[in-house]
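So the sequences go chain by chain: L and R.
Heads up, the first sequence is in my numbering, so the first residue is 351 and it goes up one at a time.
Heads up, the second sequence is in my numbering, so the first residue is 351 and it goes up one at a time.
Relax, there's no trap hidden among the hints.
Pairs involving identical chains hold if they fit within one copy or between any two copies, as the list cannot separate such chains.
Think about it this way: if two alpha-carbon atoms lie no more than 20 Å apart in a straight line, the pair counts; the simulated EDC-like pairs of lysine to aspartate or glutamate are: (1) Lys481 to Glu504; (2) Lys481 to Asp471; (3) Lys586 to Asp571; (4) Lys402 to Glu416; (5) Lys491 to Glu434.
Don't read these hints as lab results, they were simulated from the structure.
Protein chains: 2
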Amino acid sequence: MVHYKAYLIDLDGTMYRGNEKIPGAAEFIKELNQEGIPHLFVTNNSATVPEKVAEKLMKMGIDAREEQIFNSSMAAAKYIRLMEHHAKAYVIGEEGLYSALENENIQIVDDNADYVVIGIDRGLTYEKLAKACLQIRNGAKLISTNKDVAIPTERGMVPGNGAITSVISVSTGIDPVFAGKPEPILMEQAIEKLGFSKKDVLMVGDNYDTDILAGIHSGIDTLMVETGVSTFESIKHYDEQPTYKITDLYKWKLDRK
Amino acid sequence: MVHYKAYLIDLDGTMYRGNEKIPGAAEFIKELNQEGIPHLFVTNNSATVPEKVAEKLMKMGIDAREEQIFNSSMAAAKYIRLMEHHAKAYVIGEEGLYSALENENIQIVDDNADYVVIGIDRGLTYEKLAKACLQIRNGAKLISTNKDVAIPTERGMVPGNGAITSVISVSTGIDPVFAGKPEPILMEQAIEKLGFSKKDVLMVGDNYDTDILAGIHSGIDTLMVETGVSTFESIKHYDEQPTYKITDLYKWKLDRK
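All chains, full assembly: derive it from the sequences and hints.
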């Protein structure tokens, strides 16, 4: 019998696509709640505060509380606070990143920063990039919320945070520390927050390159759903396979015999 | 006796540094003019129109006419015109790039472009980058004026065009065609404009990675001056050496016996 005591669950492509709920998502979460199984929603989205993400899920009929959202901005902020109390950060990003840094008591400054922290910023300007580069060259450390190079919009794929970060890493020659999936920072913090052994935690997601690799890198079991980016076909030649593959979350039974 | 019939001459680090004339530069140009030796100033600067560059040189006491300035924006524009008459271009850049494209009768558009052309743009925004990526994903070709990752300012090194271009290439997975030094596009066009055989043309510059490699890649002789970026020490282990090395342009005699 497979029985996981806690779940980490991706959002985009697993719970919803844009503003549409994915079939099976609400039922899966409902079952977790009925069984009293703790779970966190782990997302590379750095722009939105947890409160609004939970609200979006609730509106779709998917049960979620603010405390269950764990995003790459929170992971980056916690990483900095663990590295250095009273750190000063120069920020390129949106509401979710500013809020996460403030929650960890990180001082947001315009210059002389200890850390330059990058998240997706639809208000990006050359001047913001210039200030980031100048401070990296002055010794500030470069932290980026995630590696995603493109994000889907109604118009098509537009630059993601990983692409924005490349301006700074290419210009300064300094490699960033990435907080989000598939890097271990977000995952390790989320697993710790759940409070269970790794063997008891399952990572659920649609994207092999972020969700499934995040699980594999963190040493936990993984469940891939075919409702988003990756297909069984697209990953069939990969050496490291997900622990489980299902077409959609209707197929997942919490007690599998 | 070494006698070159025409010269290609770099600007920044060779003729001036910022707003300061480099010793020996004015005298060298004066001698070329006295001997009636044709020469072009070849620069990766894509932002400024030739008229203003010539004006800057003249103010420093260095003889220069507008027609003697050949920059990476002009090379990119000419490259597009040779590839396709009546091309439409979406542009990220400054005055020098817009002007160069207009001079080659390339239509500047906001969408449905055949080419996305990138030059340094101190007015860069996320929306400009998004539009560039969307059009590249729709099949537009990516042309970039140069690879320079950082440019010197009074505040320090800020992102150059090569760093800006990386957002688009990283996000779309499409490699750009670069027009400027050390790539051959600008060089070949400049050599053709001079109208002499390659064996008769000498490339003069301070930066090994742009100027000297540009000459080497184009199959012409090169003269490195130590008045800018590269030093004799910094290049001593390189396999491909400049044809000549001098500390400054006072040391160069047009007729060397």
